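K.L.:
Since the structure of chain A is already known, use the hints to place chain B on it.
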Amino acid sequence: GAVVSQHPSRVICKSGTSVKIECRSLDFQATTMFWYRQFPKQSLMLMATSNEGSKATYEQGVEKDKFLINHASLTLSTLTVTSAHPEDSSFYICSAKREFSHEQYFGPGTRLTVT
Amino acid sequence: KNEVEQSPQNLTAQEGEFITINCSYSVGISALHWLQQHPGGGIVSLFMLSSGKKKHGRLIATINIQEKHSSLHITASHPRDSAVYICAVGQDNDMRFGAGTRLTVKP
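Line order of the protein sequences matches chains A and B. With this note's numbering, the residue at position 47 of the first sequence is 47, and numbering never jumps. Each number in this note's numbering corresponds to the 1-based position in the second sequence with 1000 added.
Chain B on its own, in the form it takes in the complex:
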């Protein structure tokens, strides 16, 4: 079993839909990261969480430390949100990555 599990692996949505991507992990962490990787490959760090909830624009990330689970929500999705979303958990310098969720938002 992978240390970081993401679901779903692939997700197709219509523009405007509310999207949720889940991440479960089995290791102790100091922080959890949500990353966005566009088709060209570049990676953008969306959030770093160690507890609670963060919001940035249409993106919301939550984490439940006790349940070792995090969710990334996208409200009012748009085709430009199409990307691979990666959950990564870190303990000091050791970061473990999920396999990613490929999101396609259709107009």
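Extracted from the complex, chain A is given alone in its bound form:
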């Protein structure tokens, strides 16, 4: 089956610093990747959708200058949380899908803690 990895799995950073999270599709080409955020005991919330080679589409309320998304290749998307604050502490999950497919393959998630 299709595999999506995320790195790192956990990261602790200081307030004001930036953190980059990588999402990779290991055995397929992901034309579209999605970034989700999940607060404790809540469901996943879509932050943005990125298509390879084009700018990400952000959901309402998500600051594009704070959450920088790059999808430069068919196997890699990155989410950079800039000038992180404690309220950005959350579980960030990516998913990926092939072109013309409805199936999304989820990464294992990255737990970000901002101190």
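Please note that the accuracy of each hint is not assured.
[As the list claims (entries may be wrong)] Derived DSSO-like pairs (lysine-lysine); straight-line CA-CA distance at most 27 Å:
no., chain 1, residue 1, chain 2, residue 2
1, B, 1068, A, 41
2, B, 1068, B, 1054
3, B, 1106, A, 41
4, A, 64, A, 14
5, A, 55, A, 41
6, A, 64, A, 41
Since the hints were made in silico from the structure, they are not lab data. A quick note: this is a predicted structure, and the numbers were derived from the prediction, not measured.
P.N.:
Positioned in the frame of chain A, the structure of chain B alone reads:
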């Protein structure tokens, strides 16, 4: 009313019991997904359905498109099945998630 409703919210079962988790949705979809999220947070996609029924090991998922309803069944439940099960419905790139069902299977 949420677009994706799951029931029950919480479920506790004894090992070996047959478990059913339900999902109803109110939007048009191209596919329905059942996801499993373990306490550590990682998500595994269990099934993607657009019609009928799928089976994988002890897990069975069904969908009734006309009634906009899906069920996830776990036969011979085991403590390692303890997780949050999430129903998600998708239309192209737009996926809507249920709130999840927290399943605890006791030995």
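K.L.:
Hint by hint, note whether the structure agrees.
P.N.:
Going down the list of hints, with the structure as the test:
no., hint, result
1, 1068(B) with 41(A), "holds (25 Å)"
2, 1068(B) with 1054(B), "holds (16 Å)"
3, 1106(B) with 41(A), "holds (21 Å)"
4, 64(A) with 14(A), "holds (21 Å)"
5, 55(A) with 41(A), "violated (31 Å)"
6, 64(A) with 41(A), "holds (25 Å)"
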